[in-house]
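**Student:** If you want the building blocks of each chain, they are given just below.
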Amino acid sequence: MSYTEATVQLLSPQGSLVESDATAPYLPLIAGLDESRLLDFHRQMVVIRRFDIEAGNLQRQGQLALWIPSLGQEAAQVGSGYAARSQDHIFPAYREHVVGRIRGLDPMRIIEMLRGLSHGGWVPEETGNFHLFTLVIGSQALHATGYAMGMRFDGVVGTGDPEVDAATLVYFGDGATSQGDVNEAFVFAASYQTPQVFFLQNNHWAISVPVERQSRTPLYLRPAGFGIPSVQIDGNDVLASYATTRAGLDAARAGEGPRFIEALTYRMGAHTTSDDPTKYREDEETRFWSERDPITRYEAYLRGKGVGDDFFREVAVEAEDLAADARRRTLALTDPPTSKVFAHVYTDAHPLVAEEAAWYSAFEAGYEEAGS
Amino acid sequence: MTERMMPMAKAINEGLRAAMTADPSVLLMGEDIGTLGGVFRVTEGLKAEFGENRVLDTPLAESGIVGTAIGLAMRGYRPVCEIQFDGFIFPGFDQITSQLAKLTYRHEGSQAFPVVIRVPYGGHIGAVEHHQESPEAYFAHTAGLRVVSPATPNDGYWMIQQAIASNDPVLFFEPKSRYWQKGEVADDGVPTPLHQSRVVRTGTQVTLVGHGAMVAQLLQAAEVAAGEGTSVEVIDLRSLSPIDFAPILASVQKTGHLVVAQEAPGNVSVGSEIAATIAERAFFSLEAPVLRVSGFDTPFPPAKLEGAYLPDVDRILEAVDRSLAY
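As you go down the protein sequences, you meet chains A and B in turn. Sequential numbering of the first sequence, starting at 95, is according to my numbering. Sequential numbering of the second sequence, starting at 3, is according to my numbering.
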């Protein structure tokens with residue numbers, strides 16, 4: 095489909111390591127991973143997929159207003175998410191549930207948001223610097239670039255101290271590459287040589303519009319025009335996602351400027367639960383990508399390394415437990431107080447909001463009295 | 003108290019310098035603001051003084067300026083963005099209204115966004131299209147933003163520092179036709195709070211309210227009216243969001259007549275909000291309907307016609323007469 099000769103793949107669809115000139119720079123990064131991290135990759139992919147299905151079901155049962163599935167994109171997200179260091183800052187779009195989980199976000203916060211209880215509301219300092227979802231397509235690219243400019247001004251780039259040097263990692267999709275903000279982010283990032291990795295998940299569809307409408311050239315070729323080095327990877331290969339993001343972040347933290355990764359993956363599900371992909375895409379395409387499923391491939395790799403059934407059973411149980419827990423906790427959710435309408439519109443006191451909050455409180459109280 | 007005479011452009015420049023000196027997290031960003039000092043020279047000398055990491059000559063992209071300022075604010079900076087001209091703010095509109103304005107709410111208060119957006123605005127300078135507009139109502143309409151406009155050099159000096167000190171995003175509209183008129187700046191005085199409106203001339207028969215460059219016109223109109231035996235009170239709004247209605251209400255309770263003037267088009271404008279609110283809160287004090295004097299509901303015309311478009315002393319006095327004759 096959209097793989098090119100340039101596509102970096104460390105793991106073949108059969109689950110064996112690919113050794114070539116193209117993979118040579120990245121294989122040492124994989125060799126450097128200890129076994130527990132390799133197992134984490136699998137655990138996170140499986141667990142989030144089960145969670146994702148459960149959340150979709152909860153939406154169908156009327157518990158959520160919306161769900162945004164990440165089915166099929168687990169490898170792109172898990173690999174890149176694990177490549178970031180604790181001091182790095184991650185700016186997601188809105189589908190990177192597992193990256194949040196890796197960084198310490200309770201995925202229930204996403205369920206709460208899509209149930210209509212919050213607009214996100216998590217505190218990035220408490221979620222491993224995983225920032226809030228941004229629903230206007232591509233806006234977060236500029237926030238990540240500005241944040242990275244600040245890192246440079248603060249001198250936390252290129253010191254050589256692995257505890258100090260930091261970068262930002264920003265996620266966006268193929269549709270977002272048409273947005274002005276994403277392109278302006280490329281301009282600013284190149285101009286200020288920000289410590290930053292742009293991570294494009296090309297899942298081939300912006301709701302119903304195929305990537306060919308966004309670009310006539312492979313998207314990884316675009317950054318060259320901005321002066322940003324780029325690489326295209328098999329986004330269903332968790333090892334390629336990890337290694338290229340790791341290399342990109344290392345370069346960015348070292349002061350070499352921004353990097354760009356195009357991860358070729360596929361949105362196996364709908365854009366959101368409000369969408370119906372049968373109206374615009376062919377089964378044949380979906381079949382092509384399901385044969386390249388990121389979890390199946392990685393399981394084959396782990397089994398080839400001698401990982402046994404016990405581990406896979408344990409992960410399956412963990413996934414079921416998380417899904418059951420999410421269901422139980424979702425059913426226990428209560429609506430926020432109406433005072434939340436007026437809270438935190440501003441940081442400093444604001445007379446108009448205060449006045450309207452007081453008015454509504456009195457209005458509500460009037461009904462309570464009338465009803466009592 | 004030390005008082006010095008200086009034009010507003012210089013006063014804002016000094017206010018920026020004071021804020022940058024007091025707080026190393028304050029940085030300036032915008033097009034041509036560094037080496038050139040801005041097309042109106044409001045940031046003149048600041049790059050030389052504070053360096054290129056605190057006075058950024060950015061790429062030419064307004065959304066990029068505001069969007070990266072948001073990221074810098076997340077990092078702990080207090081960015082002050084310059085939008086070169088009023089009519090150029092719209093490429094940045096989405097980042098201002100959908101992101102900057104809503105991010106504190108989205109974060110449920112855990113993160114403040116102290117970003118100031120300076121906008122030279124308004125007419126009377128004979129410039130080409132997109133260089134003389136008054137777009138303040140768009141921003142006053144948006145929850146999460148604060149919107150202010152100084153009318154004097156003293157307010158320019160103090161209000162820019164107060165805007166930078168605010169923990170919320172502030173749209174800072176600078177009346178560019180007033181950049182070059184000198185006024186006294188009391189640089190060790192006690193400033194009026196940022197969001198207070200202020201009576202700048204007392205009178206008994208009609209209340210005139212306006213902001214920015216309009217305040218000077220209102221004062222001129224009041225002077226002419228006084229010569230004709232009409233006593234006019236003038237209020238400088240200073241803050242467009244939130245609006246401080248107390249001095250306006252107090253004045254209207256005294257005069258019973260209110261005329262609101264602005265360069266911006268009248269339809270769904272700051273003047274409309276004042277007229278509605280005063281009608282709601284001071285209905286029995288009013289002896290005439292609240293009248294609006296504004297730019298027309300047309301695009302800003304070619305410069306040779308701006309005299310017909312922009313409210314002037316005659317149009318203000320016509321409204322005063324109409325109100326008194328009601």
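Possibly wrong hints are sitting among the right ones.
[Said to hold, decoys possible] Partial pick of chain B residues on the chain A-facing surface, computed with a CB cut under 7 Å:
1. 55
2. 61
3. 72
4. 73
5. 76
6. 77
7. 107
8. 110
9. 252
10. 256
Honestly, the hints are just simulated from the structure, not real lab data. Model, not experiment: these values are computed from the prediction. No residue lacks a Cβ here, since even glycine has one placed at the ideal position from N, Cα and C.
**Student:** Confirm or reject each hint.
**Tutor:** Against the structure, the hints come out as follows:
1. 55: At about 5 Å, which falls below the 7 Å cut-off, the nearest Cβ of chain A leaves the hint on residue 55 of chain B intact, so it holds.
2. 61: holds, 5 Å
3. 72: Holds, because the Cβ-Cβ distance from residue 72 of chain B to chain A comes to roughly 5 Å (cut-off 7 Å).
4. 73: holds, 2 Å
5. 76: Since the shortest Cβ distance to chain A is 5 Å, the answer is holds.
6. 77: Holds, about 3 Å.
7. 107: It holds, given that the least Cβ distance between residue 107 of chain B and chain A is near 5 Å, below 7 Å.
8. 110: holds, 4 Å
9. 252: violated, 16 Å
10. 256: Status violated, d = 22 Å.
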